[in-house]
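Asks: Single-letter residue listing:
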Amino acid sequence: METKKLTFAFMDPPFENERTITFFRILDAALDQGADIQVFAYEGAAALAFSLQKAHGNSVHHRDEVQEAHPLTKDWIAALQNKAKQLGVNLEWVNCGLCVDERGVNASIPGCKRGSPADLWRYASESFNTLVIGTR
Amino acid sequence: MMQDYFFIQSQEQFTDVRTRSQYDLALSLAKSGKAVSILLVQNAVLSARKKVDSPNVDALLSHAVKIYADSLSLQQREISPQQLNTSIKPAQLDIVISAMLNGDKVIWW
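First to last, the protein sequences are chains P and W. Numbering-wise (this note's numbering), the first sequence opens with residue 1 and increments by one. Numbering-wise (this note's numbering), the second sequence opens with residue 1 and increments by one.
A hint or two may mislead.
For each label pair, taking beta carbons as the anchor points, the in silico distance ranges come out as [unchecked claim]:
| no. | chain 1 | residue 1 | chain 2 | residue 2 | range |
| --- | --- | --- | --- | --- | --- |
| 1 | W | 24 | P | 18 | 20 to 30 Å |
| 2 | W | 87 | P | 55 | 16 to 26 Å |
| 3 | W | 15 | P | 66 | 31 to 41 Å |
In silico lysine to any residue, SDA-like type, Cα no more than 25 Å apart, as pairs [what the hints assert, rightly or not]:
| no. | chain 1 | residue 1 | chain 2 | residue 2 |
| --- | --- | --- | --- | --- |
| 4 | P | 85 | W | 101 |
| 5 | P | 74 | W | 103 |
| 6 | W | 34 | W | 90 |
| 7 | W | 105 | P | 28 |
| 8 | W | 50 | P | 74 |
| 9 | W | 105 | P | 85 |
| 10 | P | 5 | W | 94 |
| 11 | W | 105 | P | 74 |
| 12 | W | 34 | P | 132 |
| 13 | P | 5 | W | 91 |
| 14 | W | 31 | W | 11 |
| 15 | W | 31 | W | 54 |
| 16 | W | 51 | P | 92 |
| 17 | W | 66 | P | 74 |
| 18 | W | 89 | P | 28 |
| 19 | P | 83 | W | 34 |
| 20 | P | 83 | W | 31 |
| 21 | P | 83 | W | 11 |
| 22 | W | 105 | P | 132 |
| 23 | W | 105 | P | 79 |
| 24 | W | 105 | P | 124 |
| 25 | P | 5 | W | 107 |
| 26 | W | 105 | P | 121 |
| 27 | W | 51 | W | 63 |
Simulated from the structure, these hints should not be mistaken for laboratory data. This one's a predicted model, so the numbers in the text were calculated from it and none came from an experiment. For each residue, glycine too, the CB sits at the ideal point set by N, CA and C.
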């Protein structure tokens, strides 16, 4: 059976909104159903793959970095990349170039490319379906 | 081919006024004969509880709109399945992907 491509456009930054969690859960569910995934991350979402994200402890609650287990979105993306590889499906990730420049988050983890809104058009054109998750 | 509509509602009706017009749109589609489903996620699941006074949700349900509530969002808010409106079903998030793979128009609110 032919694998269907699904495109997702997302614009929320890491660490700020529950939408980010839901977005990652949706991507995980897409992999579980064997879909190829294409992500266009723009505006704040361009920082999701920023490789210099750092976990930290919580001195107020007397927890060190390990105990705090602070989640980093770059690690979630890497986990999804690994899962896609194990399942034999594709996960492509493009960050909006202007958006990463504005935020100084050019250093992305491997597998996440720099692109432009033209990539979203290309992704959507070649996908079976597209979901745009907008920030309000 | 009949196109189904699948809305993902992340906004909570008691504080986000725009949900009224969103639900009106879904209702209009249902009244025009379209198959419409709505998945409540995040704080939107608060509307899924029994005894919540929500004319919008009641109208949608009376026009055969299927309404689901994300199981994890319910769990995070300590809303048990027994506390749900009996016409609203708990669902896993993979229902979104099923709709996308079915070719539905999937729209995030």
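Asks: Does each hint hold? Answer for all of them.
Replies: Evaluation of the provided hints:
{"no.": "1", "hint": "W/24 - P/18: 20 to 30 Å", "in the structure": "holds (25 Å)"}
{"no.": "2", "hint": "W/87 - P/55: 16 to 26 Å", "in the structure": "violated (43 Å)"}
{"no.": "3", "hint": "W/15 - P/66: 31 to 41 Å", "in the structure": "holds (37 Å)"}
{"no.": "4", "hint": "P/85 - W/101", "in the structure": "holds (20 Å)"}
{"no.": "5", "hint": "P/74 - W/103", "in the structure": "violated (30 Å)"}
{"no.": "6", "hint": "W/34 - W/90", "in the structure": "holds (22 Å)"}
{"no.": "7", "hint": "W/105 - P/28", "in the structure": "holds (20 Å)"}
{"no.": "8", "hint": "W/50 - P/74", "in the structure": "violated (39 Å)"}
{"no.": "9", "hint": "W/105 - P/85", "in the structure": "violated (28 Å)"}
{"no.": "10", "hint": "P/5 - W/94", "in the structure": "holds (15 Å)"}
{"no.": "11", "hint": "W/105 - P/74", "in the structure": "violated (30 Å)"}
{"no.": "12", "hint": "W/34 - P/132", "in the structure": "holds (21 Å)"}
{"no.": "13", "hint": "P/5 - W/91", "in the structure": "holds (23 Å)"}
{"no.": "14", "hint": "W/31 - W/11", "in the structure": "holds (23 Å)"}
{"no.": "15", "hint": "W/31 - W/54", "in the structure": "holds (19 Å)"}
{"no.": "16", "hint": "W/51 - P/92", "in the structure": "violated (44 Å)"}
{"no.": "17", "hint": "W/66 - P/74", "in the structure": "violated (35 Å)"}
{"no.": "18", "hint": "W/89 - P/28", "in the structure": "holds (22 Å)"}
{"no.": "19", "hint": "P/83 - W/34", "in the structure": "violated (36 Å)"}
{"no.": "20", "hint": "P/83 - W/31", "in the structure": "violated (42 Å)"}
{"no.": "21", "hint": "P/83 - W/11", "in the structure": "violated (30 Å)"}
{"no.": "22", "hint": "W/105 - P/132", "in the structure": "holds (11 Å)"}
{"no.": "23", "hint": "W/105 - P/79", "in the structure": "violated (28 Å)"}
{"no.": "24", "hint": "W/105 - P/124", "in the structure": "holds (13 Å)"}
{"no.": "25", "hint": "P/5 - W/107", "in the structure": "holds (17 Å)"}
{"no.": "26", "hint": "W/105 - P/121", "in the structure": "holds (17 Å)"}
{"no.": "27", "hint": "W/51 - W/63", "in the structure": "holds (19 Å)"}
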